[in-house]
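S.K.: What follows is the residue order along each chain.
Number of protein chains: 2
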Amino acid sequence: MRGVSIIGIGSTNFGLLGEMTLEEMAVRACNEAISDAGIEKKDIEAFFLGNYISGMLLGQETLAPMVAYSLGLNGNVAATKVEGACCSSSIGLRLGYLLIASGVHDIVLLAGAEKMTSESTPRVTRALAAAMDPVSEWRTGFTYPGFFGLVANRYMHEYKATIEQIGMVSVKNHNNSVSNPRARFRKPVTLDEVLNSRLVADPLKLYDCCPISDGAAAMVLCASDRAKEYTNKLVEIIGSGMASGLRTTHETINDTDTILSLPATLMAAKQAFEMAKLTPSDIDVIELHDCFTMAEIVDSEDLGFFKKGTGARAVEEGLTQVNGKIPINPSGGLLSKGHPVGATGCGQAFEIVKQLRGEHENQVKNSEVGLTHNSGGTGAVCTVHIFRRSF
Amino acid sequence: MRGVSIIGIGSTNFGLLGEMTLEEMAVRACNEAISDAGIEKKDIEAFFLGNYISGMLLGQETLAPMVAYSLGLNGNVAATKVEGACCSSSIGLRLGYLLIASGVHDIVLLAGAEKMTSESTPRVTRALAAAMDPVSEWRTGFTYPGFFGLVANRYMHEYKATIEQIGMVSVKNHNNSVSNPRARFRKPVTLDEVLNSRLVADPLKLYDCCPISDGAAAMVLCASDRAKEYTNKLVEIIGSGMASGLRTTHETINDTDTILSLPATLMAAKQAFEMAKLTPSDIDVIELHDCFTMAEIVDSEDLGFFKKGTGARAVEEGLTQVNGKIPINPSGGLLSKGHPVGATGCGQAFEIVKQLRGEHENQVKNSEVGLTHNSGGTGAVCTVHIFRRSF
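Chains as they are written, first to last, in the working numbering: chain A, 9 to 399; chain B, 9 to 399.
For the record, the hints were derived by calculation from the structure and aren't laboratory data.
It is possible that some hints are incorrect.
No more than 27 Å apart at the CA atoms, straight line, and that leaves these computed lysine-lysine pairs for DSSO-like [unchecked claim]: (1) A:LYS49 to B:LYS278; (2) A:LYS285 to B:LYS50; (3) A:LYS278 to B:LYS50.
Nothing here was measured: the structure is a model prediction, and the numbers come from that model.
With the rest of the complex left out, here is chain A:
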C-alpha cells in the first residue's frame, strides 16, 4: 500500500443556501478543490459522492453521474454515490484512499453534498429517521435527540457529571466557529443561553443539537509519489477505519456500560490507530461527530482521548479548547459549523487539512497530526481517519 495525500480542498459555506441547487453546491466545492490542487479535470480517474437523503427530500437520486456531468468530467470516469447516513462522504474518502493506496488509481475526486433547508422540519426529521432501524428504533419511538437525551441522563447519573459540563460543549463549539467563514453560526453563546434554550429531549436543549443545514465539500486525493507534481502542501492519510454497530447499543439499552459507548466508534478508532501506528496522545487536532453536545463527550472517550466518564470534566477544564491539550472541533463542529449530513465527513477532513497546512481561521498551534470521526445513524456506521502534515 502506497501513500495517499490530499492535494486540494473546496467547500461551500454550511448553512442556508437557498439560492443553490444541490448539484450546484457540489459542483462549486469540486471546482474549488480541483483549482486548489492545480490539477486539470482530465487528470481525475474516479469520482465518489457522499449524499444521504436527496431521494427523500428532493426526489433526486443517482447524483454522482449528474454532478460528474455538470462538472465536465469525462464519461469514462466512474462516478459512484455512496450512502451511509451522516457518514456518507467519509465512506467515499475511505474508498478513494483504498483505491489509490492499492494502485488502482492515482487521482480521485471526492465530494459530499446535502440540501436540507428547503424542506419543512417534519419532513427532514422523517428523512433523518431513515437511518434508524425500523424494528428496534422506529417502533420504540426513538429519535436522535431522544437517544442522546437518554445517554445524557445516564451519563450524568453514572459519572456524577452535570448538565452545565455538557452545555459547555455547545459554548466552546459556538465560540470556535465565530472565526470560521464556512460556519452556519458565527455568534458566541453563553452557558446560560444554552441551558435556558428550548427543551428538545430532556435534558438536551436547542443549543445541545446541531442545526439542519445545506452544504458541500470536496477534495482531491492523489498518490503521494505523484502529489509533488501538483503541490508542496501535502497532507497524508495515514489511518482509515470503518465499522458497523447497528443495534448493538439498542438491544442492550438497559446495560449502562453499553449505552455510554458506541461500538462502531471503538472499532473504527482501533483500526485507524493501528494502521497509523499512533495512539490518541499523538493527535494534535480533532474534528469529531458532535451531532449533540452529549455525543461529543461520548465520542471523545470512545476515541481514547479521555477515560470513560471523564470527558465532561475535561470540557469544563478547558482541555478541548482550541488552545487546550486536546483541541476538539475548532471548526465549530456539527453543532455550530453545521451538519449537512452527506457533506459532513468530507467537511471535517477539509477542516483538518486546513489545520495541518497551518491555514485555519481558528488555528491549533503546531498541528502535525489530525483526526476525523464521522458517525451515521445512532452508531450504525462509523469512520475514523488520521492525517499527517508531510511538508
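Guided by the hints, dock chain B onto chain A, whose structure is given.
M.R.: Here is chain B on its own, set in the frame of chain A:
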C-alpha cells in the same frame, strides 16, 4: 492486479415477495451465497450493497450496516451502500472486484436488493424518475417508457425496422424465463399478445416494458489465488468497465445519430473488452439491460454484437435465442425475469455464473465467456463486466 473469482452465488426469486422485508430478502440471498461458497461469515472482509430507492419507497436508508448486522457480520466489516439507479449492485460488483484485484481484500460479499411491489405504481413511477435529471428530463416530461418509445420510433424510421421485430425481443425473453425458477413471469407470450397488449408509450406496449419487482441477489468474490481453498467451480471476472453518459443523449435529442446509442454503454464496453483483451465475437452468453424491448436492441448494437441498425433483424433471424449465435438474456432478462432495480446487476451476474458453471436451467451450450451490461437512468451510468469459466 491479481485475478478475482466469484465463488458463491445466491438469489431470491424476482417478483412479488410481499411476505419478506427488504432486509430479509437481502439476508436470504447473502446466506445462500455464503453457503454456496463454503466460506464462513468471519472470512468476509468487506460488504457492498446495491440499492436504489428504499428511501423514497420505504423511508429506509443506510441499509448496508443494517443488513450486515442482521446477517451477523462482524462490526469491523466495512458495510457500504452504493447507489447508481438500476445499475447500483453492479457498481458494487466493480468496487468489490477492484478492492480484491488490487490486494486490499481477499474476500468480499456483494448484494443487491429492492422492494418495490408494496407501493402503488404512481409512487414507484415517481421514485424511478429520481434517476432522471431535473433540468433536462423532468421538465420535458420524460419518462423511461417515453424515452424508449421515442428511440423505437426513430429506430424504425432510420433503419426500416418493424414493430414486430421489436416485439420479438419480448417473445424471446418470456420464452427464456419459462424454465427459470427465479423469474417473475414463467409463461410464454405470443407476438400477437405483445403487439395487442395495452399501449404504454407509443409504439411500446405493456409487454415491451419490464415489470416492477421485488428481489435480492448476492455473491461472494474471492482472490483467485485463494479461491481454490473453497471451490473448484471458479468463474473469473476478467473485464470491468464503468462510465457516465447523463444528458449526452438528451442535449442532442434531435440528433438521430445519438438517440439510437447510449454513450455510457459504448464507453463501459470499450473499457471492459480492452481489460479482458477480448472482442464481442469471444462472448458466448450475454445478460443485458432490457428494461424495454427497444433497449435490448440498442444495447446489443452498442455492445458490439451487431452493427448499428441490424439488431432488430438479428432478433427476427433468431441470432439472440438461447441456441442462436449470440444468446441474449437466456434468464428472461429484465423483461421477464424481472427488474428489482437495485438487485438487477448482481442478478445478471448470478445468471452468467450459473451459465459458465453449466448449471443454468436454460443453459447455453459450451459457455465459457459471459458478459453483463447494466444501465442506470436513461444511460446516466453503465457498467459492463466480462466473466470466464476457470475450471
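S.K.: Each hint: holds or not?
M.R.: Against the structure, the hints:
{"no.": "1", "hint": "A:LYS49 to B:LYS278", "verdict": "21 Å, holds"}
{"no.": "2", "hint": "A:LYS285 to B:LYS50", "verdict": "25 Å, holds"}
{"no.": "3", "hint": "A:LYS278 to B:LYS50", "verdict": "18 Å, holds"}
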